[in-house]
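So the sequences go chain by chain: A and B. The opening position of the first sequence corresponds to residue 18 in this note's numbering, with each subsequent residue numbered one higher. The opening position of the second sequence corresponds to residue 18 in this note's numbering, with each subsequent residue numbered one higher.
Do not rely on the hints blindly, as some may be mistaken.
It does not matter which identical chain is used: a pair holds within one copy or between any two.
Taking lysine to any residue pairs in the SDA-like style, the calculated list, with each CA pair at most 25 Å apart, reads [said to hold, decoys possible]:
#: 1; residue 1: Lys109; residue 2: Arg553
#: 2; residue 1: Lys107; residue 2: Ala149
#: 3; residue 1: Lys559; residue 2: Gln536
#: 4; residue 1: Lys482; residue 2: Pro387
#: 5; residue 1: Lys378; residue 2: Glu393
#: 6; residue 1: Lys378; residue 2: Phe343
#: 7; residue 1: Lys38; residue 2: Lys559
#: 8; residue 1: Lys222; residue 2: Arg553
#: 9; residue 1: Lys410; residue 2: Lys482
#: 10; residue 1: Lys559; residue 2: Ile40
#: 11; residue 1: Lys559; residue 2: Asp68
#: 12; residue 1: Lys369; residue 2: Ile382
#: 13; residue 1: Lys559; residue 2: Ser41
#: 14; residue 1: Lys378; residue 2: Asp350
#: 15; residue 1: Lys369; residue 2: Ser380
#: 16; residue 1: Lys109; residue 2: Pro146
#: 17; residue 1: Lys410; residue 2: Phe532
#: 18; residue 1: Lys410; residue 2: Pro479
#: 19; residue 1: Lys559; residue 2: Asp80
#: 20; residue 1: Lys459; residue 2: Ser124
#: 21; residue 1: Lys410; residue 2: Gly108
#: 22; residue 1: Lys215; residue 2: Gly108
#: 23; residue 1: Lys471; residue 2: Asn269
#: 24; residue 1: Lys148; residue 2: Leu177
#: 25; residue 1: Lys410; residue 2: Val390
#: 26; residue 1: Lys482; residue 2: Gly250
#: 27; residue 1: Lys19; residue 2: Phe125
#: 28; residue 1: Lys148; residue 2: Asp174
#: 29; residue 1: Lys156; residue 2: Glu248
#: 30; residue 1: Lys109; residue 2: Pro507
Think of the hints as simulated: they come from the structure by calculation, not from any bench.
Protein chains: 2
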Amino acid sequence: MKITIAQLNYHIGNFEGNTAKMISAIEEAKKEGAEIICFSELATCGYPPRDFLEFDDFIRLSDESIQELCTHAQGIAIVVGAPSHNRHPKGKSLFNSVYFLSDGQISFVQHKTLLPTYDVFDEYRYFEPAKAWNVVEYKGKKIALTVCEDIWDVGTDDPLYTIIPLDEMMKYAPDFIINVSASPFNFSHAQNRLNVVKANVERYKIPMFYINHCGAQTELIFDGGSIIMSENGALYDELPYFQECIRHYDLNEVQKGRSFSGQTKDKTALIHDAIVLGISDYFRKLGFSKAVLGLSGGIDSAVTAVMAARALGPENVRVLLMPSQFSTGHSVDDAMELVQKLGLPHDIIPIKDMYDAFMEKLSPIFGDLPFNVTEENIQARVRGILNMAISNKFGHILLNTTNKSEMAVGYGTLYGDLCGGLSVIGDVYKTEVYQLAEYINKDDVVIPINSISKPPSAELRPGQKDSDSLPEYDILDPILFQYVEKRKGPQDIIDMGYDPVLVRRILRLVNINEFKRHQTAPVLRVSSKAFGVGRRVPIVGKYLN
Amino acid sequence: MKITIAQLNYHIGNFEGNTAKMISAIEEAKKEGAEIICFSELATCGYPPRDFLEFDDFIRLSDESIQELCTHAQGIAIVVGAPSHNRHPKGKSLFNSVYFLSDGQISFVQHKTLLPTYDVFDEYRYFEPAKAWNVVEYKGKKIALTVCEDIWDVGTDDPLYTIIPLDEMMKYAPDFIINVSASPFNFSHAQNRLNVVKANVERYKIPMFYINHCGAQTELIFDGGSIIMSENGALYDELPYFQECIRHYDLNEVQKGRSFSGQTKDKTALIHDAIVLGISDYFRKLGFSKAVLGLSGGIDSAVTAVMAARALGPENVRVLLMPSQFSTGHSVDDAMELVQKLGLPHDIIPIKDMYDAFMEKLSPIFGDLPFNVTEENIQARVRGILNMAISNKFGHILLNTTNKSEMAVGYGTLYGDLCGGLSVIGDVYKTEVYQLAEYINKDDVVIPINSISKPPSAELRPGQKDSDSLPEYDILDPILFQYVEKRKGPQDIIDMGYDPVLVRRILRLVNINEFKRHQTAPVLRVSSKAFGVGRRVPIVGKYLN
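Okay, chain A solo, but in the shape it has when bound (with noise of 0.2 Å):
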């Protein structure tokens, strides 16, 4: 049995373009004789659709994306993921189920069973879990259908769900399973994939055909990844990540297994990778080609544009060169250093009249009161407006150039450097910027060494560092991965051996910084645990604070 796996980029409500990309691919396996292709979860209408899954209408449109498909379901058969319909009169009233299409019609639907509603998921918002299961018989094979997190919960110490699907699908005893997925990117869930498709084939001893989406879609990135994985529990294959791919499979092949060791995965590569997707997609999606950022001659800004240039080419990359009073002279040539190392469109304005006009009007009503964070903030947020206008005016997009350690603490000005349509690095944490810029520069210096070397400072007040009012980030960073990425409360950091006191500040200030975070723009996610629609906190709270 022949079999294709199409890992494609679908785009959420793009009913016409998504069916339209899967019956190319239809037509590429037809071509190559396959008896089934596979596409993801919610192909039809993307994933995450979120409160679309509302509206009556946008299920109708995903309906008859079904109906199209399976006037193609000729002589092959279709298994895509897509929202059904409960028909009984309880519980929430749509599915998220894998179709199974041939001879032109729905001829099996299997509901998903395990509903993920944790991190940046919320699937139980929409959908009623499975309580039947059962496989598909074609072409005298038996298949067990399961969607993404259905084959989760197997292999673990701790299982989140009290069923397990595959178990009661194996009292059919399928030949083999597909899965049909949309699983998001973070720098250590492709090896996480792995072992669960690998622990689920040990336990069932039967192949498995794993089908991710590619492609990102705002926040989230699908890193594709797709994997074909022999009875025996060896790797049979794994699809390229962060692209399109197609790729054909005789079962009897898949069975008898083959020596293949996988792709790399180094962390800094991957993260890289996925950050010039998530921005070409979120501009292609939008329907935007050009960006525009504050380019400061430090390393964030410098990081972000590079990766900028290789998702929209450097041509598209337009970049502001604000200096103030308080920029240092190497400020601006650090960042012409990187202008016309990728040659990027700029522009040098400087701030200090916009500045100096606020502060005419403001100083009567500020009287005697010192020079504090509500100055620094004016030029932070001159620098906003600027870079907004040349967005407006030209149709750029603004991208922001904060990174993970400065979103956690709230070092950053709300309307000024926190502006944009899309955090870039709001996922990576300063060490790990440190990281991405050695990366970028591992055959050519393209980040200017002194954008590197220089101590991190926001330039906001005379002599100004980072250092001032943060830690280190060597020893910033780690706790925020232990209180952001592990959930640890204070005493479970400090016994780690950080300093109390210091523990309790970084803990508040994330904390009170809620309210800021509320209101930046969504931030690509790479780790497991990013700002954004993963992680809810109230903003009226007092805890730790």
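Given the structure of chain A, go ahead and fit chain B onto it with the hints provided.
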């Protein structure tokens, strides 16, 4: 049997404060000879705690609160909501539970069965549903303990769940029902709650004590309105809306019933009172006392200023009048009329100099490109900087004055008039803002008549009116209502008799402006579908746009 209902205002994560408040109520109940005192859902930690529930440290603090309450459960039983641990190895690690504390210990715990996971609710994200049910026996009475949603699937034609927990508990023949709730306000919800309590009482023929949370937690406003209903389905008492209240009841009297018609439920009055509480709790719980906002002379900022003055005191509401070269003369006059009526601290800062400073730098870059939304946005953003400068320098929170109609169609400038720590009327359509103004003016003209009667305008270009780019609000708002609140698709709305071109244009505007709403302040929720946490729509989507 004497039963005390304590409708209290909790603060998320403030275990010390919440526990002290409950202990004080227990002392009062003991003085009144009460045998049972009832608090609301997740009262130890406040509702909704969101991802704080993922911190073991947070749960430990809640457990300690329960232990402390136990020491006061002498001579009185305490019914209180709090998280509890799922000791079974499978499933989520927490339950959302109601504890029954008596004789100094936890004598019974019933877990919540129906976990709302829609709109603003995310409970399945954190909790495992109950799979076992019982009643607690105390002083000869059997009591069915339920948590909020547990009673909400009764009396509906479209059940959301597959189980009804009270049906299970009825096997033990309870004498009455206690429901501990945290049920947030919307303007029709108090009536919904009465209907639901009545449907349950009529089904089970026993009295119900329904205890709601009271107080605002960022965007969610809990209105109290706790309900005591006699077994004949007649309302026995309804606690006040929007305030804390402790009352004592004799079960015999409740069983007998009495004639009581409840409180009036005038939509506009409820919205007004909800917003005033929403503002005051936001400030108090964040430790702030003073607000700043821009006063344009228009109706939105006038209504916002009045409600802020009622919440915080007029002396704590500082307003900025920031005329531009495009402002009409009466804008400042209308704003000053309100300033004088309320006695608000105010500053007048014309924005022309700052606008000109920007244009001087940008003109060479813009070249011959015509005046457009870019220049309009610069004016709005200059005002944003000024508002934030006052906010930063004097420790005020900036209030956002955008209404729901503008939020919906993106008629507002990101980082400009969309700035602010709290959106006061972001869930109030423009047509409802007029109703609020009339309500405020019902006994005395507070909002200047001219602010109400003049055609709405952003005044960002000469002679501009909202109706230049938007339909009249009495056409726009009903279309938005059908799309946002009712989740109707374009054809459904067109079939109601609206112009097809207009409907498609408006729905497109709503969807393409999701990126703005992603970055705006939390919105005080007063309707059944507010922008914010209860409405989750993809930014990168291709549905209807």
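Of the hints given before, which are not true for this structure?
Numbers 8, 20, 21, 23 and 26, in rising order.
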